[in-house]
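Colleague: Read off the chains here:
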Amino acid sequence: MSTYALLFDQSLCIGCGACEQACQSEHDQRPHKPDKLDHDSFTWVEDLGHDQYARHLCMSCENPTCVSVCPVGALEKNSLGPVTWDAKKCIGCRYCMMACPFEIPKYEWHEPNPRIRKCDMCVHRVTKGMPTACASICPTGATNFGTREAMLKEAHRRLKKYPERYTGEVYGEKEAGGTGVLMLLTKSPSESDLPDNVPQHDMPHLTWNVLEKLPQIIPVWGAFLGGMYWLGNRKNEVAAHEREELQERGHGDD
Amino acid sequence: MSGKNYRKGGTVMTERKLPKLHFWSSFFVLLMITLAVVLFKRYTQGIGAISNLNDSMPWGLWIGFDLLCGVALGAGGFTVTAVVYIFHLEDYKPMARPAVLTAFLGYLMVIAALLVDLGRPWNIWHPLVFWNPHSVMFEVGWCVMLYTTVLFLEFLPLVFERLGYNKQVHFMHKYLTPGLVIAGVLLSTMHQSSLGTLYVIVPEKLYPLWYSPILPILFFVSAITLGLAMTNVESFLSFRAFGKRLEAPLLRKIGAATAVMLMVYLVIRIEDLLVHGSLKYAFKFDMASWFFLAEIVIGGIVPMVLLFMKRIRRNPLALTGTQILVVLGIMFNRMNVAVTAFQLGTGSDYRPLWMEFVVSMGMIAIGVFLFSLAARYLPVFPEGPLTDAKPKDPFVELGKLR
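Protein sequence lines correspond, in order, to chains A and B. Letter 239 of the first sequence, counting from 1, is numbered 239 in the numbering used here, and no numbers are missing. Letter 397 of the second sequence, counting from 1, is numbered 397 in the numbering used here, and no numbers are missing.
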């Protein structure tokens, strides 16, 4: 089964901020107008001027970088699509924040027991078969919820139908190997304040390429070191033995 | 040898206690009080209260200096033990104990610093039970834990010897040491390189002069280089601070080995930049370019050339000075990867808060304090007169001056 995904159509967004409010009440956060993503704001509708808006939220990557770097597996990719964080496991190393190509995970810098905070694609709703809060409230249909397959198909249908409206690519189709949030952009990613240098492949293999070689390198390296130890040891023993023999012979000659 | 009188040029020179002792001890006490206040703030109000770390700069001075530099500085431990116990260059044995002690204390300080930097330090043991073998951090965590244990076991004979448990010391040396040393080299190979691998996953966030898919190789080779250089620096410092014997001919050989390792490192580093077409950034003469050139030229090429010169290696002060340059150059590299390159690559705004420096300096101070305690009460340095050093040795002459 395909995972769930969100499709955001920039041409339909009127910047009303209903998704922000719905997100905040869904996650028991104080109601406020965000001016960036932070520990208290999981989504942010950015005013780009000229009646253009960009939505920022966790991209819910298909093969998430944060999940691969977390040393304790506190971040997990839910089989339905959301990427979730487990308070019981997290050690607070912040490697997820370092590694995320979209700079999504945020941190409670002023808490003695800080949490990693980010959009969880309303995992509690999605598991009940409901769409995310932001998608259900969106009055213009700018944010849609469905299986990734369906959302991707819809995105390409719109691209084909209104080629003059969009940049021509679906942002998130290939970024970081494909994300669970797909965006139809009227402005380029950099103009929409989205990272435009995200590699067009998934990231976890970059470090896995190194890590997977360790089981090959370490035994060989270990065997070499052990062998060198044995050789040197033997040389010393032989030398000691020869010294002894020499001494004995010396005595015999007397 | 303390309390002995040296006769030089007709006058009797009595060894005095270091005159700066009062300055340093009061500085130490002040630093510890400040550290305590800073830590209280840290554990009651969060990391944000004592640092300028933020969402766009989640890792800063502590990861760059305390973790990356700290672990790299501890490389002397595995380098020297490998030379002595695996490659059987037994001449270097007098250096093994100080190197193991430095590494052990260094790693303890790294872990102490992590307890400040980790958001939920009481969960630091979690990698033991919650596994994610795909995570470089998971591997680093395991290796640091295991290697600190190895260093503890390598350090234990010092305590046993002091307590007179000669049987146990003999047993450990005969049956445990070779295995421990090999395990130590393997674990160090893994985590020294893995500290570089940590950054392999952020190609788009690290400025091209410092990003490379072979960061693990660069980190490992430079760690060995740094380990060799640190052995010299440590010997010199112990000689200055504790009046210990200096193994001059050995330090010369270490100097030559450092030069070779540094050359290998620089060739890999520059070749790698060439292959990825990143060398052009070095000659833009902007801030990044100057930082890079300072790191490579002043902290790499210059000391390498100097170390290849016999004249430098034969002069104890010049040799140690050059080795300090090597140490600073590689530390600068770690700081550049962790802070400079990340900032340039992401445009993050970060300048360490003074309280961050208090934490880092506090860790160094505690480490030095523990080392001096160990040097005083444990058989860290080989005893004996300066007989096996050559009479005209400049190091010995220097020693006599003290």
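One or more of the hints may lead you astray.
Label pairs and their computed distance ranges (CB to CB) [as the list claims (entries may be wrong)]: (1) A:86 with B:40: 36 to 46 Å; (2) B:301 with A:149: 38 to 48 Å; (3) A:238 with B:357: 21 to 31 Å; (4) B:22 with A:223: 23 to 33 Å; (5) B:308 with A:226: 30 to 40 Å; (6) A:196 with B:301: 35 to 45 Å; (7) A:240 with B:361: 32 to 42 Å; (8) B:357 with A:218: 29 to 39 Å; (9) B:368 with A:248: 51 to 61 Å; (10) A:79 with B:308: 17 to 27 Å; (11) B:378 with A:196: 21 to 31 Å; (12) A:234 with B:310: 26 to 36 Å.
In case anyone wonders, no lab produced these hints; they're calculated from the structure. Where a beta carbon is used, it is the ideal one built from N, C-alpha and C, also for glycine.
Colleague: If I claimed the Cβ atoms of residue 301 of chain B and residue 149 of chain A lie 38 to 48 Å apart, would that claim hold in this structure?
Modeller: violated (56 Å)
Colleague: Take the C-beta atom of residue 196 of chain A and the C-beta atom of residue 301 of chain B, compute their distance, and say whether it sits inside 35 to 45 Å.
Modeller: holds (37 Å)
Colleague: Could you see if the CB distance from residue 240 of chain A to residue 361 of chain B stays within 32 to 42 Å?
Modeller: Violated - the Cβ-Cβ distance for residue 240 of chain A and residue 361 of chain B, about 49 Å, lies outside 32 to 42 Å.
Colleague: Between the beta carbons of residue 368 of chain B and residue 248 of chain A, is the distance compatible with 51 to 61 Å?
Modeller: For residue 248 of chain A against residue 368 of chain B, whose Cβ atoms are near 52 Å apart, the range 51 to 61 Å holds.
Colleague: Between residue 79 of chain A and residue 308 of chain B, does the beta-carbon spacing fit 17 to 27 Å?
Modeller: violated (60 Å)
Colleague: Taking 21 to 31 Å as the stated bounds, is the beta-carbon spacing between residue 378 of chain B and residue 196 of chain A within them?
Modeller: For residue 196 of chain A against residue 378 of chain B, whose Cβ atoms are near 58 Å apart, the range 21 to 31 Å is violated.
Colleague: That 26 to 36 Å hint for residue 234 of chain A and residue 310 of chain B (C-beta), does it hold up?
Modeller: holds (35 Å)
Colleague: Quick check: does the Cβ-Cβ distance between residue 22 of chain B and residue 223 of chain A fall within 23 to 33 Å?
Modeller: violated (54 Å)
Colleague: I want to verify a distance hint. Is the separation of the beta carbons of residue 238 of chain A and residue 357 of chain B within 21 to 31 Å?
Modeller: violated (55 Å)
Colleague: Is 29 to 39 Å right for how far apart the beta carbons of residue 357 of chain B and residue 218 of chain A are?
Modeller: For residue 218 of chain A against residue 357 of chain B, whose Cβ atoms are near 37 Å apart, the range 29 to 39 Å holds.
Colleague: Within 30 to 40 Å or not, the Cβ separation of residue 308 of chain B and residue 226 of chain A?
Modeller: holds (33 Å)
Colleague: Per the hint of 36 to 46 Å, is the separation of the Cβ atoms of residue 86 of chain A and residue 40 of chain B within bounds?
Modeller: About 29 Å separates the Cβ atoms of residue 86 of chain A and residue 40 of chain B, which means 36 to 46 Å is violated.
In the structure shown, a violation is registered for the earlier hints numbered 1, 2, 3, 4, 7, 10, 11, in ascending order.
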